[in-house]
Amino acid sequence: MSMQFGDFKALDNVTLRVKAGSFHALLGENGAGKSTLVKCIMGFQAPTQGGLLVGRREARIKDPVDAQKLGLGMVYQHFTLVPSLTGKENLVIARADAPHVIDWRAETARLEEFLARMPFQAPLDRPVTDLSAGEKQRLEILKQLYLGSRFLILDEPTSVLTPNEADEVLTHVRALCQEGGLSVLMITHKFREVDQFADHVSVLRRGKLAGSARVGELSNAELTRMMIGEEFTPQETQRTKTGTHVMLNLRAASAPDQSGLKTIKIEDLKVHAGEILGIAGVSGNGQKDLMEILTGQKKLSTGAIEVDGKPYCANREESQAAQIRFVPEEPLQNACAARMSVAENLGFRNFDRTRNGGWKLLANKADLQAQGMRLIEEFNIKTTSAHSPVGVLSGGNVQRTVLARELSGDVKVLVVANPCFGLDVASVTAIRSRLIAARNRGVAVLLISEDLDEILELSDRLMVMYEGKVAFEAQTRQTTSSEVGTYMAGG
Amino acid sequence: MSDPADIGLWGVPLAMLGGAIRVSTPFLFVSLGECLTERSGRMNLGLEGTLIFGAMAGYAAAYHSGSAWFGVLAAGFAGMWFGLFHGWVCRFKGVNDIAMGIALMLLGMGLAFFFGKPYIQPVAPDLPAISLGWWSDIPQVEAALRVNVLFIIGAVLALAMAWMFRATRIGLKVRVVGDSTAAARAIGFNPDLVRLWSTAAGGALAGVGGAYLSLYYPGSWNEGISSGQGLMAIALVIFARWNPINCFWAALLFGGAGALGPALQSVGVSSGYYLFFAAPYILTLILLIATSSPDRALKGAPSELSITK
Numbered sequence: 230m231s232m233q234f235g236d237f238k239a240l241d242n243v244t245l246r247v248k249a250g251s252f253h254a255l256l257g258e259n260g261a262g263k264s265t266l267v268k269c270i271m272g273f274q275a276p277t278q279g280g281l282l283v284g285r286r287e288a289r290i291k292d293p294v295d296a297q298k299l300g301l302g303m304v305y306q307h308f309t310l311v312p313s314l315t316g317k318e319n320l321v322i323a324r325a326d327a328p329h330v331i332d333w334r335a336e337t338a339r340l341e342e343f344l345a346r347m348p349f350q351a352p353l354d355r356p357v358t359d360l361s362a363g364e365k366q367r368l369e370i371l372k373q374l375y376l377g378s379r380f381l382i383l384d385e386p387t388s389v390l391t392p393n394e395a396d397e398v399l400t401h402v403r404a405l406c407q408e409g410g411l412s413v414l415m416i417t418h419k420f421r422e423v424d425q426f427a428d429h430v431s432v433l434r435r436g437k438l439a440g441s442a443r444v445g446e447l448s449n450a451e452l453t454r455m456m457i458g459e460e461f462t463p464q465e466t467q468r469t470k471t472g473t474h475v476m477l478n479l480r481a482a483s484a485p486d487q488s489g490l491k492t493i494k495i496e497d498l499k500v501h502a503g504e505i506l507g508i509a510g511v512s513g514n515g516q517k518d519l520m521e522i523l524t525g526q527k528k529l530s531t532g533a534i535e536v537d538g539k540p541y542c543a544n545r546e547e548s549q550a551a552q553i554r555f556v557p558e559e560p561l562q563n564a565c566a567a568r569m570s571v572a573e574n575l576g577f578r579n580f581d582r583t584r585n586g587g588w589k590l591l592a593n594k595a596d597l598q599a600q601g602m603r604l605i606e607e608f609n610i611k612t613t614s615a616h617s618p619v620g621v622l623s624g625g626n627v628q629r630t631v632l633a634r635e636l637s638g639d640v641k642v643l644v645v646a647n648p649c650f651g652l653d654v655a656s657v658t659a660i661r662s663r664l665i666a667a668r669n670r671g672v673a674v675l676l677i678s679e680d681l682d683e684i685l686e687l688s689d690r691l692m693v694m695y696e697g698k699v700a701f702e703a704q705t706r707q708t709t710s711s712e713v714g715t716y717m718a719g720g
Numbered sequence: 004m005s006d007p008a009d010i011g012l013w014g015v016p017l018a019m020l021g022g023a024i025r026v027s028t029p030f031l032f033v034s035l036g037e038c039l040t041e042r043s044g045r046m047n048l049g050l051e052g053t054l055i056f057g058a059m060a061g062y063a064a065a066y067h068s069g070s071a072w073f074g075v076l077a078a079g080f081a082g083m084w085f086g087l088f089h090g091w092v093c094r095f096k097g098v099n100d101i102a103m104g105i106a107l108m109l110l111g112m113g114l115a116f117f118f119g120k121p122y123i124q125p126v127a128p129d130l131p132a133i134s135l136g137w138w139s140d141i142p143q144v145e146a147a148l149r150v151n152v153l154f155i156i157g158a159v160l161a162l163a164m165a166w167m168f169r170a171t172r173i174g175l176k177v178r179v180v181g182d183s184t185a186a187a188r189a190i191g192f193n194p195d196l197v198r199l200w201s202t203a204a205g206g207a208l209a210g211v212g213g214a215y216l217s218l219y220y221p222g223s224w225n226e227g228i229s230s231g232q233g234l235m236a237i238a239l240v241i242f243a244r245w246n247p248i249n250c251f252w253a254a255l256l257f258g259g260a261g262a263l264g265p266a267l268q269s270v271g272v273s274s275g276y277y278l279f280f281a282a283p284y285i286l287t288l289i290l291l292i293a294t295s296s297p298d299r300a301l302k303g304a305p306s307e308l309s310i311t312k
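Protein chains in written order, with this note's numbering: chain A, 230 to 720; chain D, 4 to 312.
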């Protein structure tokens, strides 16, 4: 199987060959053209030049349905299963030849027979919303196999899984490749997955193919250089000693979760000054609810929050008085007004305050502008001007904007959720070093993240949330990723 | 038929049951139509206008042709065109289906009043009813159990729609489109087309509901014929959690509330007359408040719906 692409804005003459039965990894920073490439393969976009060969024949793919007919399937980073439908319904309706009247008994029997031939399973009778991320991911892959895909594109398949789940899923996929029935192109950021599971690796950089090789021929350092174009040395971060003063204290807290059926229960959560407490866990285990409790979006049924020893009820006045700041996940939606300018977004915390903390009626445009320029400079936000709407910035720069706003002024507590999700390596490094710097200044940082590597790198102490409760707590240096992973999976 | 037997206060629940069956039919049709439309991810607030236009069109067609069933067909056909129009306009970028729905509601009412003027006086044939109370010799029971054919069709339709959503390709297609446009595209469905036809079918059902109003109960065409039933039926879909079977029960409940005033009047309770007539509106408010929550997202809501997005 080979593919050829011609030149066009996001992709510049990239040629990629995936051999039948191989597990091919595609590495690249955000914006390197990986998603454009796979979108062209799947028929979501038409390349301006170049073509696609499937087998040895020229293939014309106008839309994903054509791709499905040719046996090309894709598992997206954001799941495309229909949330309110059950697994079964999702599988059957995705088939091009789904019958007009569905005989569920016969379909169930056929599906069970199909599952019996597969190396891994997924629950079919529950609505997809009720499944864990790992189950969804397995179901996505099963769906593609059920639809008869022989070539599978996996878009960062493990970003939402625990390490153990990721290993399990990828091991099964690799086994299917080795049997010869399947070829895989996997988009990933993680070198570990490339080393462990892939046969071939290609690297994209700024729309060009930076290199391609068998796995093992190139070292990780060489791969990194190909990806970002320069030597990348992970810095050993300097850390000051953690204080003993409790800055954030959540006691005997409970609240209903999003469905209203289960409860979130946190007995005791303390973050000290100058400490990063990491909250690990597979998504959907109550981390979002914890964030909402702290931001005041969700009311506690019992328990209390204290900031710096004083009771705290999570409204704007109190959060300003207590100097607690937030960087929620997906900052463009949750912490920005996308159409307002960068300067205005940077001023959300203080546009209605005078310099000495009093109220004022009218926002001062010049002040906002000056503050915007200063923060853009200081936090290295790449924007055409302070007037451009924050919505047009790249993900990394949106995150820098939010961090700049939340970290300016005096801060005692910073609550951060998934700060680096979907960002490129350069932004990730910049944002992580900002967090460490804040910690070293004595800020108490609560880091909620689904990326275990991030937790292990940044936090001094970590907790694992599982089904709304704290399942495990340890000093980061005294634990291992596999131990944490076990607790993340409920073990 | 003998003199009304004296059954005392038992008359109230009995009259409410009969009223529920009689009054609920338009609720049932409009809510089934809205249920289908909303399941495909679109709101159609214009169904109130469609209902009224259907009532007028049905009445006019029945009067001219002499056949009540022809009137029902005509009302459904007119409703379908309203639905198609709504569906066609809403597929354009930047069109808000709620604003469009309100415009369509006013348009439907205006058109119905305009064309309906000549039909306020004449008398059109009625839809037939089936007597299910033959086993009883109490006239009130007989009266309560005189069930219109359209009610039975509506009940069957609710079951059929529930089955459709569960076990047919087309039903699953509607659900996929209503839940995730992206997933629908990935499967290869055309979300616009599915929504267009769901909206059209929803409009047709609302039109039929209107024909029931003018051809059976109250059984004549006038401008105040609907008194907001179309809008209440839309609220009812939310209360029924987008489930056709629940729509049926909710329609009965609303019908029963609507029959409370007349039922009390029939046993001689006349104080608070207007208050009892307001029962369905009060019920709408109470139910919507009681079934909502500030902390929790509406369960079962199609996630492509503009109000839940």
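Note that these hints are calculated values from the structure, not bench results. Note that CB positions come from ideal geometry on N, CA and C, so glycine has one too. Be aware that one or more of the hints could be misleading.
[What the hints assert, rightly or not] A few chain D residues that face chain A, going by a derived Cβ cut-off under 10 Å, partial list only: (1) Glu145; (2) Arg149; (3) Ala163; (4) Ala165; (5) Arg169; (6) Lys176; (7) Ala189; (8) Ala281; (9) Ile285; (10) Pro305.
[Stated by the list, open to error] Calculated cross-link-like contacts (lysine-lysine; reagent style BS3-like; alpha-carbon spacing at most 25 Å): (11) D:Lys96 / A:Lys291; (12) A:Lys594 / A:Lys611; (13) D:Lys96 / A:Lys268; (14) A:Lys437 / A:Lys419; (15) A:Lys641 / A:Lys539; (16) A:Lys470 / A:Lys499.
Outcome of the hint check:
1. Hint on Glu145 of chain D is violated. Least Cβ distance to chain A is approximately 40 Å, over the 10 Å limit.
2. Look at Arg149 of chain D: its Cβ only gets to about 35 Å from chain A, farther than 10 Å, so that hint breaks.
3. Among the interface hints, the one on Ala163 of chain D is violated; its C-beta lies about 12 Å from the nearest C-beta in chain A, farther than the 10 Å criterion.
4. With a cut of 10 Å, the hint placing Ala165 of chain D at the interface with chain A is violated, because the nearest CB-to-CB distance is about 14 Å.
5. Interface restraint check: Arg169 of chain D against chain A, minimum CB-CB distance 8 Å, threshold 10 Å, status holds.
6. A cut of 10 Å between beta carbons decides the hint on Lys176 of chain D: the least distance to chain A is about 7 Å, and the hint holds.
7. Interface restraint check: Ala189 of chain D against chain A, minimum CB-CB distance 5 Å, threshold 10 Å, status holds.
8. Interface hint status for Ala281 of chain D: violated, as the beta-carbon distance to the closest one in chain A is roughly 32 Å, over 10 Å.
9. The closest approach between the C-beta of Ile285 of chain D and any C-beta of chain A is roughly 26 Å, which is over the 10 Å cut-off, so the hint fails.
10. Taking 10 Å as the C-beta cut-off, the interface hint given for Pro305 of chain D holds, the closest approach to chain A being about 8 Å.
11. With a CA separation close to 23 Å, the supplied pair Lys96 of chain D and Lys291 of chain A stays within the 25 Å bound.
12. Using a Cα cut-off of 25 Å, the hinted pair Lys594 of chain A and Lys611 of chain A holds, with the two alpha carbons roughly 21 Å apart.
13. For a cut-off of 25 Å, the pair hint linking Lys96 of chain D to Lys268 of chain A stands: about 23 Å separates their Cα positions.
14. With a C-alpha separation of about 20 Å, the suggested pairing of Lys437 of chain A with Lys419 of chain A holds against the 25 Å cut-off.
15. Restraint check for Lys641 of chain A and Lys539 of chain A: the C-alpha separation of about 13 Å stays at or below 25 Å, so the hint holds.
16. Using a Cα cut-off of 25 Å, the hinted pair Lys470 of chain A and Lys499 of chain A holds, with the two alpha carbons roughly 17 Å apart.
The structure fails to meet hints 1, 2, 3, 4, 8, 9 from the earlier list, while all remaining hints are met.
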